[in-house]
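**Student:** Order-wise, the sequence lines are chains A and B. The numbering of the first sequence is our numbering, which starts it at 1 and goes up by one. The numbering of the second sequence is our numbering, which starts it at 1 and goes up by one.
Please note: incorrect hints may appear among the correct ones.
What the hints assert, rightly or not - Computed, partial: chain B to chain A, Cβ under 7 Å:
no.	residue
1	M1
2	E5
3	K7
4	T8
5	A14
6	I16
7	E17
8	T19
9	S20
10	Q23
11	T61
12	V63
13	Y150
14	G151
15	V155
Calculated directly from the structure, the hints in this document are not laboratory data. All C-beta atoms, glycine included, are put in the ideal place defined by N, C-alpha and C.
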Amino acid sequence: MTEVITKLVVDCSTGEATEVPLTAEELAQRETDRLAYEAQEAERKAAEEAKETAKASANAKLKALGLTDSEIAAITS
Amino acid sequence: MKLIESKTLATAQASIELTSIPQDGTDLVLLLSLRGARADLTDDPGFRFNGDTGNNYSYRTFVGNGAAASSGANTSASFNYLGIINGSTSTSSTFSNASLYIPNYTSGLSKSSSVDCVQENNATTGYQTLVQNLWTGTAAISSILVYSTYGTNFVAGSTISLYKITKGSDGIVTTS
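When you get a sec, could you build the whole thing from the sequences and use the hints?
**Tutor:** This is how it looks when you write it as structure tokens:
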């Protein structure tokens, strides 16, 4: 049996609340929204990971130059 | 501040749509208690005005989770952001609290809004989100749709309450 996906519509002029099945257009929009947001989040996470990788690499290079952890923290934070 | 409507979901819903919002207020306040059905620690709801699904929205975020903080922005979005809420793997029976403030909602200008949202997780990791939003629509706001950007549902027990603030005739904001 196919799951019926519904939304709650609240008419603020009457206070009436109705559970309404999503239309075909709304279901398509929901899928479009999901795909777009997942892509956006994947891009954001990749950028964050790249930043962390660069940070670790920079710290390693500073250590190789002889800086201590506290000295690295002093110039990077 | 006067309550317009408050509803609690009896069953899981994909979204909550507030329609026929009265036009006699100055500002709107939306208080939400939400939990998402997404199979993750978190879920990310968004909202739209007047059924506008175009890329007419933008937002900037500041997020903390108890261990780290980050910021971000989306300058061309099809929604405004409501923050990070509980997903289905967060501590059971916990719901997030969010407050959305929309000033001058009947003006003929773009609409800014702000959000503070806290994921109540009763655990080490819990997200707090601050959001500044902008919608470039110039029509008065007559409807608000709240939905999960991940295409999941809000669980039963989630509650949404809409209030209006009305400016007094002397220019001072009063409660009514």
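**Student:** Run every hint past the structure and note whether it holds.
**Tutor:** Do the hints match the structure? See the list:
1. M1: violated, 15 Å
2. E5: holds, 5 Å
3. K7: holds, 5 Å
4. T8: Violated - the Cβ of T8(B) stays beyond 7 Å from chain A, reaching only about 10 Å at its closest.
5. A14: holds, 5 Å
6. I16: holds, 5 Å
7. E17: holds, 5 Å
8. T19: holds, 5 Å
9. S20: With a minimum Cβ separation of about 4 Å from chain A (threshold 7 Å), the hint on S20(B) holds.
10. Q23: It is violated, given that the least Cβ distance between Q23(B) and chain A is near 10 Å, above 7 Å.
11. T61: Not OK, violated: T61(B) not within 7 Å of chain A, min 10 Å.
12. V63: violated, 11 Å
13. Y150: Since the shortest Cβ distance to chain A is 6 Å, the answer is holds.
14. G151: holds, 3 Å
15. V155: violated, 12 Å
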